[in-house]
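Student: Residue numbers (my numbering), protein chains in the order written: chain A, 1 to 290; chain B, 1 to 592.
No lab work stands behind these hints, which were simulated from the structure alone.
A quick note: this is a predicted structure, and the numbers were derived from the prediction, not measured.
Each residue gets a CB set at the ideal place from its N, CA and C atoms; glycine is no exception.
Please note that a few of the clues may not be correct.
[Said to hold, decoys possible] Label pairs and their calculated CB-CB ranges:
| # | chain 1 | residue 1 | chain 2 | residue 2 | range |
| --- | --- | --- | --- | --- | --- |
| 1 | B | 44 | A | 119 | 43 to 53 Å |
| 2 | B | 280 | A | 268 | 36 to 46 Å |
| 3 | A | 275 | B | 520 | 34 to 44 Å |
| 4 | B | 494 | A | 180 | 41 to 51 Å |
| 5 | B | 22 | A | 76 | 36 to 46 Å |
| 6 | B | 494 | A | 112 | 38 to 48 Å |
| 7 | A | 182 | B | 311 | 19 to 29 Å |
| 8 | B | 160 | A | 215 | 28 to 38 Å |
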Amino acid sequence: MDLALQLLFTGIGIGAVYALVALGFVLIFRATNVVNFAQGEFSMVAAYLMVVAVEAGLPYWAAFIVALLGMALLGVVFNLGVYYPLRHRTYLPVIIATIGASILLANSVLAIYGPQPQVLQGWFDTPGIQLGPVYLDSQYLLIIGVTICLVIFNFWFFEKTLLGKKLQATSQDKEMASLLGISVSTMIMITFIYSAVLGGLAGILVAPVLFVSIQMGSTIALKAFAATIIGGFGDVAGAIIGGLALGVIETFGAAYISVPYKDGFAFLVLIAFLIFRPQGIFGERVAEKA
Amino acid sequence: MSAPSDNMSIPAPAIHSKPLLVRHLPYFIGAAILVVLAATLRFDGYVHNILLQATTFAIAVFGLSVVLGLCGQINLAQAAFFGLGAYAVGIGTTDLQISFWLCLVGGCVISLLAGALLGMSTLRLGGHYLAMVTISFQQIVTLVMINAIWLTRGPDGVPNIKRPELFQSSQSYLAFCVAMLAIVGYLVWHLADTKLGRAMRAVRDNELAAGVNGIDVFRTKIYAFALCALLGGLAGGLFAGGFAYVSPDQFSFAESIVFLTMSLLGGVASPIGSAIGTGLLILIPEWLRFLKSVPGLYLAIYGLFVILIIRFMPDGIWGFVADGFTRWRAKIKAPPAAAALQLKPATVGGDTVLEVTGLSKHFGGLKAVDGVDIAVKRGGVHALIGPNGSGKTTTLNVLSGLYVATAGKIVLDGTDITHMPPHQRTASGLGRTFQNIRLFRSMTALENVEIGAERPGNTMVGKGDDALTERAMEALTFVGLGSRANELISSFSYGHQRLIEIARALASNPTLLLLDEPAAGLNSTEKLELHELLKRIAAQGLTILIIDHDMTLVSEAAQHITVLNFGRRIADGESMAVLRHPDVVSAYLGSE
Numbered sequence: 001m002d003l004a005l006q007l008l009f010t011g012i013g014i015g016a017v018y019a020l021v022a023l024g025f026v027l028i029f030r031a032t033n034v035v036n037f038a039q040g041e042f043s044m045v046a047a048y049l050m051v052v053a054v055e056a057g058l059p060y061w062a063a064f065i066v067a068l069l070g071m072a073l074l075g076v077v078f079n080l081g082v083y084y085p086l087r088h089r090t091y092l093p094v095i096i097a098t099i100g101a102s103i104l105l106a107n108s109v110l111a112i113y114g115p116q117p118q119v120l121q122g123w124f125d126t127p128g129i130q131l132g133p134v135y136l137d138s139q140y141l142l143i144i145g146v147t148i149c150l151v152i153f154n155f156w157f158f159e160k161t162l163l164g165k166k167l168q169a170t171s172q173d174k175e176m177a178s179l180l181g182i183s184v185s186t187m188i189m190i191t192f193i194y195s196a197v198l199g200g201l202a203g204i205l206v207a208p209v210l211f212v213s214i215q216m217g218s219t220i221a222l223k224a225f226a227a228t229i230i231g232g233f234g235d236v237a238g239a240i241i242g243g244l245a246l247g248v249i250e251t252f253g254a255a256y257i258s259v260p261y262k263d264g265f266a267f268l269v270l271i272a273f274l275i276f277r278p279q280g281i282f283g284e285r286v287a288e289k290a
Numbered sequence: 001m002s003a004p005s006d007n008m009s010i011p012a013p014a015i016h017s018k019p020l021l022v023r024h025l026p027y028f029i030g031a032a033i034l035v036v037l038a039a040t041l042r043f044d045g046y047v048h049n050i051l052l053q054a055t056t057f058a059i060a061v062f063g064l065s066v067v068l069g070l071c072g073q074i075n076l077a078q079a080a081f082f083g084l085g086a087y088a089v090g091i092g093t094t095d096l097q098i099s100f101w102l103c104l105v106g107g108c109v110i111s112l113l114a115g116a117l118l119g120m121s122t123l124r125l126g127g128h129y130l131a132m133v134t135i136s137f138q139q140i141v142t143l144v145m146i147n148a149i150w151l152t153r154g155p156d157g158v159p160n161i162k163r164p165e166l167f168q169s170s171q172s173y174l175a176f177c178v179a180m181l182a183i184v185g186y187l188v189w190h191l192a193d194t195k196l197g198r199a200m201r202a203v204r205d206n207e208l209a210a211g212v213n214g215i216d217v218f219r220t221k222i223y224a225f226a227l228c229a230l231l232g233g234l235a236g237g238l239f240a241g242g243f244a245y246v247s248p249d250q251f252s253f254a255e256s257i258v259f260l261t262m263s264l265l266g267g268v269a270s271p272i273g274s275a276i277g278t279g280l281l282i283l284i285p286e287w288l289r290f291l292k293s294v295p296g297l298y299l300a301i302y303g304l305f306v307i308l309i310i311r312f313m314p315d316g317i318w319g320f321v322a323d324g325f326t327r328w329r330a331k332i333k334a335p336p337a338a339a340a341l342q343l344k345p346a347t348v349g350g351d352t353v354l355e356v357t358g359l360s361k362h363f364g365g366l367k368a369v370d371g372v373d374i375a376v377k378r379g380g381v382h383a384l385i386g387p388n389g390s391g392k393t394t395t396l397n398v399l400s401g402l403y404v405a406t407a408g409k410i411v412l413d414g415t416d417i418t419h420m421p422p423h424q425r426t427a428s429g430l431g432r433t434f435q436n437i438r439l440f441r442s443m444t445a446l447e448n449v450e451i452g453a454e455r456p457g458n459t460m461v462g463k464g465d466d467a468l469t470e471r472a473m474e475a476l477t478f479v480g481l482g483s484r485a486n487e488l489i490s491s492f493s494y495g496h497q498r499l500i501e502i503a504r505a506l507a508s509n510p511t512l513l514l515l516d517e518p519a520a521g522l523n524s525t526e527k528l529e530l531h532e533l534l535k536r537i538a539a540q541g542l543t544i545l546i547i548d549h550d551m552t553l554v555s556e557a558a559q560h561i562t563v564l565n566f567g568r569r570i571a572d573g574e575s576m577a578v579l580r581h582p583d584v585v586s587a588y589l590g591s592e
């Protein structure tokens, strides 16, 4: 029982990371109707930016801001270089271009920084606190806390602010939005920046838990994507719940079934969902209709 | 069928005078020369390995040209299927001591089954799901290869893989692989012009229209996907025999992307493009070897190239070349003359062709169609009219199977079609056009109509491609576009595209033709032509159910009218009487 509680905590912690990346996926999908397969590389690049900034001697908070600003810039470049030129094409070329971008980003970092995994220290000096039978790692607590704040921020931003409403309008009907005087390209640009920052935030938060490596992006991204499908494709709440669920399933699977196949559980769960409940937990927009 | 009528003085020349194998003889001669060269020229080991890799990879890439190029579905796990075939030969010929040939076939079967199962679980969903699921599959296969050490020997890989007795020397094995490549290349090249290949292209261009033209969209996608997996497995088996060693890193997700890039670079629509792309992407890395001193640099450039190709060369190198070639050829190739179109609608049931009873379609709380009865008599033009939002198009979509009826029953010529998917309804004799035209845009007018003519159960088409082309030409000539049969859809005006859609439905020799607002967007001359066309269709005894707003067209063409308003039938009967009906007048003009 104690072990189970401990696993639950760790699972939710890692699941929160998936949820953050999944949120980035969903936001871009809603705005552009394409899936950004380079979303995970945003996390990876941010983690490396953080490592570089910390090594350059910046205080942790300053390095954090620098890394997120770098991500915002990457969001701009990514939109202009990868998505924008293909915006009138079907989803297939865009998917492939984002895969190309993912290869480009991962290997550029590899070329610049080399293959050795890096270590990033956590935000807090205290490693964690013991609460009854469960040891609460401070970094995991931070991840969960940030995720909760972001979910609340997201809700406020999209439901209560004019900019959020404009973004929603753009994602629902681009033509009508532009007729109402909303600059669709600006809205899409904002979405990419926001998604890059979200992905980056997830990467920076999870970096002290994992190693900072070239592969971390694709692993996180695949699971985050699985989370969006499990939760219900295109649904914000679904992405969060799906991410958390996946983190828990994976942690328990690794503990009770098999460690080497840890990364496989997410995909098995995903395929099971696709067969038996393709609309996901929150069931939205599965088939493209007439 | 289509006996030459007396008024056609020019006999229709056979479209393909020589048998297929004779026309394709140059291909086989070329292939034979390549095989002989591979078997006789002396290569050093380095060149030999590059050739062997290129040959086996190209077969795997051909698979992608089927699934992605012909059918428009994504597969990001080709390296996994390649790996399944490779490990089948690897483990089979070493640990299990089974003959190479059995292992090769076994690997193909395993890949085929894996592809079919994967396809069945996800191909009903959209492309993003497929992308994701294939990546997942790829990851699982890689994990198993690394971790199931008892079976795969883990990360160390399987060495000393055997070759068949017949091709022990590396030279003869290369020649064997080149021969396999030539055969597979021929089949894939030819596939595009077979019934299955046309169905795949139709699915790629417009799934909805493919469905209502009698194509089983889901099954077509599964075939494409399974075929792609099969070719991956075959290629992998040949690869394993050639290099005698396999390990998990050769079949990773990165390799799947390499396969994808090869097919995109060359041009995904054609095996020639696939071969060009494969060759280039195997040679370029060799030229760029010096870049490999910095880890990642080469792959970074690679990723950049993927983006640039997609951006600036959407159809790949070969697509770019072939496009010009097709344009040039379309101009000089005049279509053959055609006989007059014969419509012989089937008559199985009684006097009523279409019997709709109590049909309802609810979207949540909205009752778009609510308990509607329609009886369409054989051999007439029946119109379904009503103000905007009255449920006309919804009714048509329920009739053709794009929507599932909430309640009610639809009987077409004695067959209950209420629960059939669209393609089966078409097979039962339903033809339709769309209000917003849905043609297969990458094909010529003739090819579009051929797909219609290919409807399962079409008794007006004989066996073979020639009969099909003949039927399609007749239908195109019937609507007045026979002389432009070989032009691409994009070169036709809106009105003419509508006529091609009608020709596509007519070629299938339907029992009932559903026309969804055929006059929408046509100018007055075109409307007159349409009216004439409807008369000529009706004169051949084909029953038409038409939806339109144009009252002149409806009142002149239709003998019988059903009027809907707010999803309910408000009037039904002989057309003049219905148009004077007070409820109808008030629905259209408002009550006084």
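Student: Each of the hints needs a verdict: does it hold here or not?
Tutor: Here is how each hint holds up against the structure:
A C-beta distance of roughly 46 Å is found between residue 44 of chain B and residue 119 of chain A, which places it inside the suggested range of 43 to 53 Å. Checked against the given bound of 36 to 46 Å, the beta carbons of residue 280 of chain B and residue 268 of chain A, roughly 37 Å apart, stay inside it. The supplied range of 34 to 44 Å is met by residue 275 of chain A and residue 520 of chain B, whose beta-carbon atoms lie about 41 Å from each other. Separation of residue 494 of chain B from residue 180 of chain A is about 28 Å and departs from the stated range, judged on CB atoms against 41 to 51 Å.
At roughly 59 Å, the beta-carbon separation of residue 22 of chain B and residue 76 of chain A lies outside the given 36 to 46 Å, and the hint is violated. The supplied range of 38 to 48 Å is broken by residue 494 of chain B and residue 112 of chain A, whose beta-carbon atoms lie about 54 Å from each other. At roughly 26 Å, the beta carbons of residue 182 of chain A and residue 311 of chain B sit within the given window of 19 to 29 Å. Taking 28 to 38 Å as the suggested C-beta distance range, the pair residue 160 of chain B and residue 215 of chain A conforms, at roughly 31 Å.
Of the hints listed earlier, those the structure fails to meet are numbers 4, 5 and 6, in rising order.
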